[in-house]
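Asks: Sequence:
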Amino acid sequence: MAAWLKIITMSLRAAELICAAIIIGIASDYIKQSDENLGHLSRFIFTDVAAALAIFFAFIWLIPFSSNYTNWYIDFFIASALAGATGWLVYSSEDSCGKVSLSDIQEAGDAGDDDANICTKWKALYVLSAASVILWIISATVGFFWVRKHRSTVKTKTSQPKTKTKSRGRY
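So the sequence shown is numbered by the UniProt record's numbering: it starts at 1 and just counts up by one.
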């Protein structure tokens with residue numbers, strides 16, 4: 001495995017870990033501040049669970065082993081879960097916070113302020129969730145192509161016929 005590939009994957013895993021930790025922080029803060037036990041919290045609980053899975057796997061796979069690349073399908077599963085959470089958050093926030101736009105990325109930086117409103121926190125939540133989806137898809141793609149390359153290398157090495165040597169007698 002090339003050294004540059006290890007550096008890229010470690011950087012991706014660290015970024016995935018950071019995004020997931022921030023996602024859990026924002027979603028859990030909203031759940032904690034909400035006094036109601038209504039169904040609208042389910043999207044934040046789902047986001048927390050998806051981000052918790054992302055933290056778990058990103059932390060375990062932060063150490064660069066070759067076996068990390070063979071689990072590319074888990075990267076894709078986590079990306080799908082986070083994409084579902086992103087879509088659910090965007091869909092449910094459009095009524096109270098307006099349509100999604102590129103300016104949401106700038107507003108997401110203000111979510112950590114103490115005086116940030118709910119819409120700013122929601123926008124930060126789905127912007128970070130979308131960024132995390134992109135990172136997990138990149139990880140899955142790197143893993144898929146790594147496995148594909150190494151499978152074809154193994155097939156070509158094992159499929160070559162062995163040359164027969166002439167026997168000069170019994171021994």
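To be clear, the hints were calculated from the coordinates, so they are not data collected in a lab.
In this text the structure is predicted, and so the values were computed from the model without any measurement.
Ideal placement from N, C-alpha and C gives every residue a C-beta, glycine not left out.
Please note that the accuracy of each hint is not assured.
[To be verified] Here are the in silico distance ranges between beta carbons for each label pair:
#1 M10 to K149: 16 to 24 Å
#2 F77 to K149: 38 to 46 Å
#3 E94 to P64: 17 to 25 Å
#4 S103 to T141: 38 to 46 Å
#5 S92 to F144: 28 to 36 Å
#6 G25 to D95: 21 to 29 Å
#7 I7 to D95: 37 to 45 Å
#8 V49 to C119: 36 to 44 Å
#9 L53 to V100: 33 to 41 Å
#10 D95 to K6: 40 to 48 Å
#11 L5 to S34: 38 to 46 Å
#12 K149 to L62: 37 to 45 Å
#13 F56 to S103: 27 to 35 Å
Asks: None of the hints should be skipped; say for each whether it holds.
Replies: Status of the hints after comparison with the structure:
no.	hint	verdict
1	M10 to K149: 16 to 24 Å	19 Å, holds
2	F77 to K149: 38 to 46 Å	22 Å, violated
3	E94 to P64: 17 to 25 Å	40 Å, violated
4	S103 to T141: 38 to 46 Å	29 Å, violated
5	S92 to F144: 28 to 36 Å	32 Å, holds
6	G25 to D95: 21 to 29 Å	24 Å, holds
7	I7 to D95: 37 to 45 Å	43 Å, holds
8	V49 to C119: 36 to 44 Å	23 Å, violated
9	L53 to V100: 33 to 41 Å	24 Å, violated
10	D95 to K6: 40 to 48 Å	45 Å, holds
11	L5 to S34: 38 to 46 Å	43 Å, holds
12	K149 to L62: 37 to 45 Å	22 Å, violated
13	F56 to S103: 27 to 35 Å	33 Å, holds
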